[in-house]
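Here the protein sequences line up with chains U, C, H and P, keeping their order.
All letters in the first sequence, in the order written, are residues 965 to 1447 by my numbering.
All letters in the second sequence, in the order written, are residues 965 to 1447 by my numbering.
All letters in the third sequence, in the order written, are residues 965 to 1447 by my numbering.
All letters in the fourth sequence, in the order written, are residues 965 to 1447 by my numbering.
FYI, nobody ran anything at the bench for these hints, they're computed from the structure.
Hints may contain errors.
Note that the list lumps identical chains together, so a pair holds whenever it fits in one copy or between two copies.
[As the list claims (entries may be wrong)] Restricting the straight-line Cα-Cα distance to at most 27 angstroms, the calculated cross-link-like pairs of lysine-lysine (BS3-like) are:
#, residue 1, residue 2
1, K1371, K1358
2, K1358, K1330
3, K1329, K1352
4, K1330, K1352
5, K1423, K1371
6, K1330, K1371
Protein chains: 4
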Amino acid sequence: MNSNSDTRQGKAGTAGGRAAQSLSGPTFEQIRKFWHPLSVENALAPYQIASSLAYVQVLMHMGELSQDEAARLTEGLRQIYRELLSGTSFLNDNDPDIYTGLARRLSELCGETAGCISRRSSVESLALDVRLWVRDRLVSAFRGLIELRQVLLRLAAEHEEVLMPGHAHLQPTRPQLLSLFFMGSESRLHRDFNRMEELFERLNMLPKSIGGDAQLEREFDYDVLSRLLKFQGTTHVAFAGDGDYLLEFASLAAITGVHLSQLASELLIWSSHEFGYVRLPRAFVFREQRFPARRNPEILEALRSRSALFAGRLAELLSIMKGIPLGYSHEANEALPAVLDVVTNLDFVLELSSVVLPALVFDTKKMSDAAQLDLENRGNVIDYLIEKDFPQEKATAIVEHLLTYTKERRKHLADLAPAEWQEFSPAFETDIYKFLTSYDRQEPYAGASLAEAFRSATKQLDEDNQFANCFSVDVFALVTGED
Amino acid sequence: MNSNSDTRQGKAGTAGGRAAQSLSGPTFEQIRKFWHPLSVENALAPYQIASSLAYVQVLMHMGELSQDEAARLTEGLRQIYRELLSGTSFLNDNDPDIYTGLARRLSELCGETAGCISRRSSVESLALDVRLWVRDRLVSAFRGLIELRQVLLRLAAEHEEVLMPGHAHLQPTRPQLLSLFFMGSESRLHRDFNRMEELFERLNMLPKSIGGDAQLEREFDYDVLSRLLKFQGTTHVAFAGDGDYLLEFASLAAITGVHLSQLASELLIWSSHEFGYVRLPRAFVFREQRFPARRNPEILEALRSRSALFAGRLAELLSIMKGIPLGYSHEANEALPAVLDVVTNLDFVLELSSVVLPALVFDTKKMSDAAQLDLENRGNVIDYLIEKDFPQEKATAIVEHLLTYTKERRKHLADLAPAEWQEFSPAFETDIYKFLTSYDRQEPYAGASLAEAFRSATKQLDEDNQFANCFSVDVFALVTGED
Amino acid sequence: MNSNSDTRQGKAGTAGGRAAQSLSGPTFEQIRKFWHPLSVENALAPYQIASSLAYVQVLMHMGELSQDEAARLTEGLRQIYRELLSGTSFLNDNDPDIYTGLARRLSELCGETAGCISRRSSVESLALDVRLWVRDRLVSAFRGLIELRQVLLRLAAEHEEVLMPGHAHLQPTRPQLLSLFFMGSESRLHRDFNRMEELFERLNMLPKSIGGDAQLEREFDYDVLSRLLKFQGTTHVAFAGDGDYLLEFASLAAITGVHLSQLASELLIWSSHEFGYVRLPRAFVFREQRFPARRNPEILEALRSRSALFAGRLAELLSIMKGIPLGYSHEANEALPAVLDVVTNLDFVLELSSVVLPALVFDTKKMSDAAQLDLENRGNVIDYLIEKDFPQEKATAIVEHLLTYTKERRKHLADLAPAEWQEFSPAFETDIYKFLTSYDRQEPYAGASLAEAFRSATKQLDEDNQFANCFSVDVFALVTGED
Amino acid sequence: MNSNSDTRQGKAGTAGGRAAQSLSGPTFEQIRKFWHPLSVENALAPYQIASSLAYVQVLMHMGELSQDEAARLTEGLRQIYRELLSGTSFLNDNDPDIYTGLARRLSELCGETAGCISRRSSVESLALDVRLWVRDRLVSAFRGLIELRQVLLRLAAEHEEVLMPGHAHLQPTRPQLLSLFFMGSESRLHRDFNRMEELFERLNMLPKSIGGDAQLEREFDYDVLSRLLKFQGTTHVAFAGDGDYLLEFASLAAITGVHLSQLASELLIWSSHEFGYVRLPRAFVFREQRFPARRNPEILEALRSRSALFAGRLAELLSIMKGIPLGYSHEANEALPAVLDVVTNLDFVLELSSVVLPALVFDTKKMSDAAQLDLENRGNVIDYLIEKDFPQEKATAIVEHLLTYTKERRKHLADLAPAEWQEFSPAFETDIYKFLTSYDRQEPYAGASLAEAFRSATKQLDEDNQFANCFSVDVFALVTGED
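With these hints in hand, go ahead and build the complete structure from the sequences.
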């Protein structure tokens, strides 16, 4: 075995050499875009500047930086932030990641003192900056949800008296109020808001590592850092990289995605010529090259489809996190592109829904006309006749006459007397009633509970709006100095 | 076209006939097991009896049933419940679903009056019974989480002074406390508990349909029903089938699944011969036929693996719900097998974790011995020598001597003087320090924050325990008459 | 540290004792159902008997068993198989798994000689039996796919001349042939068959471990085993547990699931009252308790939904397999419930599709009537008028008149002269043409390519049918002795 | 109702106006990046130019363009292609999609004649260009797989005699050959190649729409188009947007992802200090800011993790496609970002694996030293002693002595005589043998089958290499005029 492993040493050297060569195959830049994709780095960069600036202030507070040094570093970071806003990233192609890049740029501006920001644990820094970023995106989702809920309640109010055919299994059931469709969608989004609010409370805490370096621990003032970065308080963590709030966020986005997908799917069916309950005005349409005049409800199709993106990304995140060791690993970075995709698309679907819904034109006349037919029993009577050997076409014609007859008399098929049935066909015997669905028809359908639900929803929306508005987490005020 | 469609009628008749025949191909029972799987029906059956019993009491309260009738129905339902407990389901093979089955059985016992329980909307009934069931499973998850958190805090206390090698990327970093591993896991499960508590508040409300039948609405007393079924109150719903709380539940189970998967994965690596930090006693082991003596950590592998089940089921649920119309559809049933799999497996992974953790034997001596070596710099020095053309084997031998030397002196490699390096090899020049990681070594690692975190975790666990214990949602007291 | 670890030992003992107690909490049976679920064991049991029987014959062939011994064991296994067929499993509650169970039962019947079947590597045995099982399920999928493709081609032939409104984005486009709908679905399933055929070639090879025990290797006759179990040949494997063919199978099932989901979704929309293109006869329907007469297209909804099950299970399998070590692990067992769910549901969706499609009644008259309207331009003209400030209702009325007018003259809106437009409203100026889609209308739409495609599909289906029929993999002939 | 719907009309007008305004909220560019993301458009653009150029040639062949016109358009398209190669896209911000953009740019260069390329059906064009693109990416995957398989076979050859401890459940089993690890991984990738080859055959056919426009059908020469674009032939399609080959591609990528994830995971564990079987040279390492000297196996962690990306994207694709209507819809576009992510990452993981594997340094001495210990029985003997009330530390010490003793004598624990056991402790009674695993130890483990498997794998790899090399699908030769 010895000779074997001696030989191996020689090969090992060669292998090492080969590796170095091979690594120069794909360039550093190519590899980096898979390690630390630019899109993620751009999303994190401003938060990194803000947290660095707060870190500088804590160091000054702790006496590790003089006021002068802190002021110089603060001004340096502010300049880097201004450059970022004007489109110039502090990163250059040789920076392996944003932390190295920011330290390099800051030292160009402020000299050696800049080194202090590199003393932060890179694990904790990344965890903090991701948290700041996601917190902001959550506030953005609050706004999107509130705007959309306002749209839905407005639509409910505008259509409060409109009856339309009810559907279960896409088959006719009793007529229902169009406004219920909006009310129900709003209450779903209200619960989505509620869930995100609770997530917000959970993530709006500054993580404070336990069991670390005793000396560091004594001195580092997490409370000041927390106040500067506008957290509600601090929370102990043993695993600095813990990212369950990211999994929770992706789950909540996926649930909202499902809600909007169902809403869009319903509207797509309603917008077909055959249903004809809703119309997309042309203002709304993306023109196709070949059929310039065609109205394509692509926005609705995108809303129907995007819930799959959230679900897929969530599955990815759960699988990334599955079974990895508890110590820090690169998986914390691997998760970020999926998180970025989630937050970006959540904004997108909320905004687009708020745009598309008010633009739709509901054909309330067609709806209420159809609601006056006893569609629920239509199929049953056709079946009855077909089972008595009527051809389908003839059976259908007889039933259409029956429906016209009952509509004129504001009756249901179940209300007709045996003699009335006989007028339409002698085939109708008294067993016909066994095949009919009957119920006490109540008018109006909108009882007290609907009005009460509307009032309650409106009140809740106002409260949620206040929560979202009052709440200030603008960490950039710290950077711009407006704080 | 006419002749074509006439001909089609003929065919239609045939087709209908064929369909009936074909449908008798797979038997009704075979089909039913895909529609309404027995496992789901068994899970729901007791809740269905409880809610039916409460419904009977509401009808009596509303004057729609006499006290006598209500008493007879109540006794009938109690008998059915007792039969169920003793292993006899009320279902027979011809019942298309549990609602039909219960009504049939009750009418066998109580005659025609039993028909009143069929007047409930089947959509609302199913929604209610699923909610009662999941509420109970959530309480079960509370218990499982609390027990496991207790185990983890106990383990943290038992090992509070044990140092072990730290790992990042599975590579050596600074030594860390073994207890942090338990503390960190407990804090994850604390957050999981917290999330489930919030879900509980959300789902523990009786849904109250709006926009339905005005007369029904006036009369049906949801408040009494809510009190009987121990809900916290009522909440308006426009879509009776709304199941976002099921998606939320599956998400939370998936997050917990990930936490346990990581814990198990770490322990699996520790239990390898090469790590040797933990040992599974034989009491613990499932024997294999061929190697009767082998200890297989299959329980840990199951825990590592099952998070995939939660994630897959969640993906299924999200995809089932994507893009379906808003009206009621069969998808509400399609979701139930996945939900059942989630709740069953959540119980399983929590219970097994509570069993497996206390049974493990941590080799704290091996851990602390290894923690005294400067492993963090070991690889760096080997690299240093190899890059100076030492064969790997020789480089490794030199570094092992160095580690023994530093361990005896309780030093780090970075603490050695240039002369000391030279004693081990003349190849060590002063640039060696550039390749070493150095930091101020603090003893003990367990600072004030750890003790504070432990106290805070213990206090929180007590509160959560009280929440879970105090909270009574035993709807079956109603059935057994112990209420 | 010593005292600490000594103390730990004491605790370890206690912990071990506690563990044994705790493990007796959940009973062995409860745990086993999560380890080796009964459903999986039942699925594998017959294949296990068949492969054991073949193994016995190989041992005889190799001279390790006498002819008498082999005959006795063969008869024992056949008896166990007969018992299994008559509903009595060889497993009892104390068997930890099916391999132990079979060996125990066989030794009850044949005494000590039975021990030889336990000499098989349990890893290889499980791998082999799973392969035999999945091979059979694949043959079952072949049959299901062929039957369904026959149904689709028959429907295409029956409706070859029927025109219906075309849809893109669910909006009207040019009329299309109903038969295309069936042809296109058949060609999808043809490709699905094709993929499964290739998988079959890949999995129909007996795995032959390399690098194992040299002596065993010399002697064990894989070729005889392969012939007995009707494999096409042997293939070398280094990792006995390799299960990529299971991932492939689940992927192919998921693709088929998507195809059937889209088919079902289209038919669900067509079966709505508003579309009215297809009718479900009552023979077909599952009755609901409350609305006994309602026709619910639940079968179609199940078909739409089940693709989510395949996708979720596939995601589970991929996540189970992600990142596990290469050596054998329990994950090979963890995968089996998902695989069982996939094969069972694949059979189900194929069979149900074959039943539901011929039972549907297509309203070809309604389709062809609608196909004669220029629906494609309908919305454009309504938009035109609304943008000239017509109220929607009036705009719609005008356009309905226009459509009647053009239908009677078998024209498109784009074919009308300016004067004709003016008759309907002076608002129509010559710019109306800019808003219309026009194309050369060709009759008939069914060109040569359709007939050619039909012939080609029929021919391919015949070939596939022969492939599936000719191919015999009935390993049970070996067991029943009919071979 | 009338007054209501009249009022609604008024609102409709307003709503339309509002919509137009709202849509001007998010700019067209912002919306477009979600509709047609730039990354997807950049990936498709060259294929679109190639297919347009082929289309021009077909039109010339059919006599619809003169030779002059065709030459001018060809030169125009070539210029656009050269611009694209030099970094200038033909798209500008106002182009709604790449088809409109290319037509516009071509008409700028060639005037009105350019309009002919817009006559292609946009559905068919997109389907064709996606197919051309994915075909190319598949060829790229072929190359990546072959290179990686070469690396693995080379490693197997280099380590053919190295023994290492075997593992099952990460616990010790019999020693095994290191080379099996490479052989087994190669055979997985061989099957992956095989699957992709079959997909290639399936997708390398030009789709030919059936049932379309009869006149067009008669004249359009698909055979010429197929030849120009280097397809193997044509295939009939009824649904032009069919994308099951994309689902298949994503499935195959996910399977390969799992294979590489397991490989990486194993190596990560081996590279830990505790295992120490493999070392990453520093040449390989990405430096961290704070610990410049730390070697992080991030590449391996990325390989372990990325299989989650494939699985998540596959789940997304399957969910996007679930239950959408059969007519063309926007979902065909919605799928493309996920497909792009899959193809890009597949290239990435294959390339990185080929780089990382040869760079690793296997510590074959440590492996073979460990292989000589009877680790398999080690835990059993420790258990034996602990159950006789030995403290763990003492039990472990005794067993370490036993292992040294047996290693020196090249024996297994099961080979020791009772007297030998007694020398180590009187606690060892004769029942010790019941607790030991024993087997005939064969040397060498590498039997004939390994050599045969190696030869067979090498031969197969050569054939696959030839397949991949010979096969030319360079559609751009057409564009560059080198064809």
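Hints, one by one, checked against the model:
no., hint, result
1, K1371 to K1358, "both (20 angstroms within a copy, 23 angstroms between copies)"
2, K1358 to K1330, "both (26 angstroms within a copy, 13 angstroms between copies)"
3, K1329 to K1352, "between (36 angstroms within a copy, 21 angstroms between copies)"
4, K1330 to K1352, "between (33 angstroms within a copy, 22 angstroms between copies)"
5, K1423 to K1371, "neither (39 angstroms within a copy, 53 angstroms between copies)"
6, K1330 to K1371, "both (14 angstroms within a copy, 22 angstroms between copies)"
In this structure, the one hint that does not hold is number 5.
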